[in-house]
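Trainee: Sequence:
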Amino acid sequence: MIKYLGRDENGIRKVVLNLFLTGDKFTTGEVYDFLDKGDFEVSYRGVSAMVGLMNTRLGILSINVTGDHNVYSLKENYKNIVGSVLENY
8 MIKYLGRDEN GIRKVVLNLF LTGDKFTTGE VYDFLDKGDF EVSYRGVSAM VGLMNTRLGI
68 LSINVTGDHN VYSLKENYKN IVGSVLENY
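Counting in the numbering used here, the sequence shown runs from 8 upward without gaps.
Misleading hints may appear alongside valid ones.
[To be verified] With a straight-line Cα cutoff of 25 Å, these simulated DSS-like cross-link-like pairs (lysine-lysine) come out:
hint, residue 1, residue 2
1, K32, K82
2, K32, K21
3, K86, K32
4, K10, K82
Keep in mind the hints are simulated off the structure, nothing from the lab.
Turn these sequences into a full structure, and let the hints steer you where they fit.
Mentor: So, in structure tokens, the structure goes:
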């Protein structure tokens, strides 16, 4: 996760991890809307790729694929680790 954040040129990954840490469950659209309202120029496709990577490569997100949209949340057993990394990064 530290290497993942180390390649974060504009801070977007840290913001998304904080969103999942402080929030509940989010669709890709909700993450996109959150970032789009902030100071980030993002595309829906880029946000989808970023969240998908957090799910598959980092393995810190759980996914609920029932319904029309995938719903992501931070796995309970990773909350302390993510919080600690974000505090010290």
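Trainee: Hinted pair, alpha-carbon criterion (25 Å max): K32, K21. Please report holds or violated.
Mentor: Roughly 17 Å separates the two Cα atoms, so the pair holds.
Trainee: Decide if the proposed pair is consistent with the structure: K32 and K82, CA atoms, cutoff 25 Å inclusive.
Mentor: Given pair K32, K82 holds - Cα atoms ~10 Å apart, limit 25 Å.
Trainee: With a cut-off of 25 Å on the C-alpha distance, tell me whether K10 and K82 pass.
Mentor: Given pair K10, K82 holds - Cα atoms ~20 Å apart, limit 25 Å.
Trainee: Between K86 and K32, does the CA-CA distance stay at or below 25 Å?
Mentor: Holds. K86 to K32 sits at ~13 Å (cutoff 25 Å).
This entry satisfies every hint, going by the numbered hints stated previously.
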